[in-house]
Every structure is written in C-alpha cells, then in structure tokens.
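A.B. asks: Dock chain B against the given chain G, drawing on the hints supplied.
There are 2 protein chains.
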Amino acid sequence: MKTMYWIALLFMVTFQACINESETPVENEEIVRYASVIKVKPEKLDEYMALHANPWPGVNKMLKQCNIRNYSIYFRDGVLFSYFEYTGKDLEEDMKTMAEDSLTQAWWKLTDPCQEPVKSAEEGVWWAPMEEIYHLD
Amino acid sequence: MKTMYWIALLFMVTFQACINESETPVENEEIVRYASVIKVKPEKLDEYMALHANPWPGVNKMLKQCNIRNYSIYFRDGVLFSYFEYTGKDLEEDMKTMAEDSLTQAWWKLTDPCQEPVKSAEEGVWWAPMEEIYHLD
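Heads up: the sequence lines are chains G and B, in that order. If you read the first sequence in the working numbering, its first letter stands for residue 1, the second for the next number, and so on. If you read the second sequence in the working numbering, its first letter stands for residue 1001, the second for the next number, and so on.
What the hints contain is simulated information worked out from the structure, not anything from laboratory work. Beta carbons are placed, not taken as given, at the ideal position from N, Cα and C, and that holds for glycine. Careful: at least some of the hints might be erroneous.
[To be verified] Examples of chain B residues lying across from chain G (beta carbon under 8 angstroms, computed):
hint : residue
1    : Arg1033
2    : His1052
3    : Thr1097
4    : Glu1131
5    : Asp1137
[Unchecked claim] If you anchor each label on the Cβ, the simulated ranges turn out as follows:
hint : chain 1 : residue 1 : chain 2 : residue 2 : range
6    : G       : Lys119    : B       : Glu1123   : 27 to 33 angstroms
7    : B       : Asp1137   : G       : Thr97     : 16 to 22 angstroms
8    : B       : Ala1106   : G       : Asp137    : 19 to 25 angstroms
9    : B       : Leu1110   : G       : Glu131    : 16 to 22 angstroms
10   : B       : Glu1122   : G       : Lys119    : 25 to 31 angstroms
11   : G       : Gly124    : B       : Glu1123   : 37 to 43 angstroms
12   : G       : Leu110    : B       : Gln1065   : 40 to 46 angstroms
13   : B       : Gln1065   : G       : Glu29     : 23 to 29 angstroms
14   : B       : Asp1137   : G       : Glu47     : 23 to 29 angstroms
15   : B       : Asp1090   : G       : Glu29     : 27 to 33 angstroms
16   : G       : Glu30     : B       : Asp1137   : 15 to 21 angstroms
17   : G       : Lys64     : B       : Ala1106   : 41 to 47 angstroms
[To be verified] In silico lysine-lysine, DSBU-like type, Cα no more than 30 angstroms apart, as pairs:
hint : chain 1 : residue 1 : chain 2 : residue 2
18   : G       : Lys44     : B       : Lys1109
19   : G       : Lys119    : B       : Lys1061
20   : G       : Lys39     : B       : Lys1039
21   : G       : Lys61     : G       : Lys41
Chain G with its partners taken away, still in its complex shape (with noise of 0.2 angstroms):
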C-alpha cells in the first residue's frame, strides 16, 4: 500500500506540473494546490469519520512537517474529496519522508482498507488526482 501512496504522490506531482498553474506566491512562498478523490466503502464510513475526526497528533504533525498545510477531507456520495496547500520545495521527497515514518504507516494501515480508488485512477493510483479548471486568490 505503501507503494500505492508513492505512485499516486508521483502521479499526482507529474499531473499537477503539466496540466495546471497553481502556483501563487503568498507572502513570499510558493504555495502549489492540490485536489483528489477517492472512494470511502460503505461499510467502513463511520470508521474513517471516527478516525479523522480524532486524527493522531503525530500524523498531523507528520503532515505539516512535511509542508503540508490547510488540509481537508470532505465527503458526500460514498465519495472524499481532498484538499490542501503544499509549501514545501520537493514533495516527492516531503511524501518519501512521510511514507518512512511509522506513525504514518499505522495510521494508513488503518484508513487504507476503508478505501478504494475511483474506477479512471490509472494503474497502482490511490488518491485520484483531479484537475484545477478556476481559481481566485
């Protein structure tokens, strides 16, 4: 599963490079969005809410380590959508960092199995990348 989140980071890092201009600078950083999808099975969806409406603080602090920040999860239709702002210069190597820390790979021990890839995520893709079309600072 590990390698599952690497593929789709580097997909998504790849998807995001091409086919968008995300980047804004704020306040002297650079800030590149991204957004994606997956779905939540049924059965396991009063699971994943419990999870993440207590996430572990030492995922989270794994995450804003890793510059991630302004993070959000929303769901509806059997569906979650993920947003959030990436500060950082190398997310491929903030996303290796955070593939290697245990912490992490419990938590995603538990929220992998809750999951399942949307039917066009391409080969080994987690979290589906999806395509910024607007945007307004």
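C.D. replies: Then chain B, alone, in the frame of chain G:
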C-alpha cells in the same frame, strides 16, 4: 436559476453550521470553508472550462467583494468540485448582493446550462454541499 442559487446557498449555510466546526480564527478573522459538488454536462465541458480559464474580471471582483477567497474549482469524471473560504460576517447577505449583480447574472446565464445537480442534491439545490470530515490548518 437565481432562486436555485439562493436555496443552494442557504442550504449550505445551514448545513455547515449544523455539521462541522470549520470556523478557524486566523489573523483575527473568521474563515469558514465551503465545499460542494455538481455535475458538468459532457457536451458542455469544453465551454465550461474555457469560461473558467478566462473568468470575467467583474465576476471575480464581485466574489472578492462578497468576502470569498481562495476559491478553486476542480474537475474529474464529469464532476465539478468547488472549494472556497468565506471571510465575511453574513454569507446570506453577501450571496444576495452577488445574485443582484447584473454581470454575475450574465455569467451564470452561461455557466448554469453547463451544470446539472448531483442526483442526491436536495430539491432545488444547485451546488450540493459536502461534509468536512477532516481539517488541518
């Protein structure tokens, strides 16, 4: 169609107030995040994307004036996902101002025919609200 926006927004305000605690004080201002979904008609996708690739400055200006910021729209698999942050004190009043703006009305006259509410949307609701189940500042 203006009525539908009204109903949708009122529903969103109520919905957000009931189900999540996304009010986050940042720099002495209250921010409330809103996320919602709607379908885009396949035959209208190109038109919708072209409009949003070059949004009318007056429409953007009105959004800002109505205290909407960091507004993004994403696309995947026939679905549009909208995310924005509201920094005002009265979204209902701001939405009323927006709905009365003739330029915004002209814009909606072009964008509305491109969209179709998701099947699960409440009667009369245009953009269907999503539930925030996780947030990290």
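A.B. asks: Look at each hint and say if it fits the structure.
C.D. replies: Results of checking the hints against the structure:
no., hint, verdict
1, Arg1033, "6 angstroms, holds"
2, His1052, "4 angstroms, holds"
3, Thr1097, "17 angstroms, violated"
4, Glu1131, "5 angstroms, holds"
5, Asp1137, "7 angstroms, holds"
6, G/Lys119 - B/Glu1123: 27 to 33 angstroms, "29 angstroms, holds"
7, B/Asp1137 - G/Thr97: 16 to 22 angstroms, "20 angstroms, holds"
8, B/Ala1106 - G/Asp137: 19 to 25 angstroms, "23 angstroms, holds"
9, B/Leu1110 - G/Glu131: 16 to 22 angstroms, "20 angstroms, holds"
10, B/Glu1122 - G/Lys119: 25 to 31 angstroms, "26 angstroms, holds"
11, G/Gly124 - B/Glu1123: 37 to 43 angstroms, "41 angstroms, holds"
12, G/Leu110 - B/Gln1065: 40 to 46 angstroms, "44 angstroms, holds"
13, B/Gln1065 - G/Glu29: 23 to 29 angstroms, "26 angstroms, holds"
14, B/Asp1137 - G/Glu47: 23 to 29 angstroms, "24 angstroms, holds"
15, B/Asp1090 - G/Glu29: 27 to 33 angstroms, "32 angstroms, holds"
16, G/Glu30 - B/Asp1137: 15 to 21 angstroms, "19 angstroms, holds"
17, G/Lys64 - B/Ala1106: 41 to 47 angstroms, "43 angstroms, holds"
18, G/Lys44 - B/Lys1109, "41 angstroms, violated"
19, G/Lys119 - B/Lys1061, "38 angstroms, violated"
20, G/Lys39 - B/Lys1039, "17 angstroms, holds"
21, G/Lys61 - G/Lys41, "27 angstroms, holds"
In summary, the structure is inconsistent with hints 3, 18, 19 from the numbered list given earlier, while agreeing with the others.
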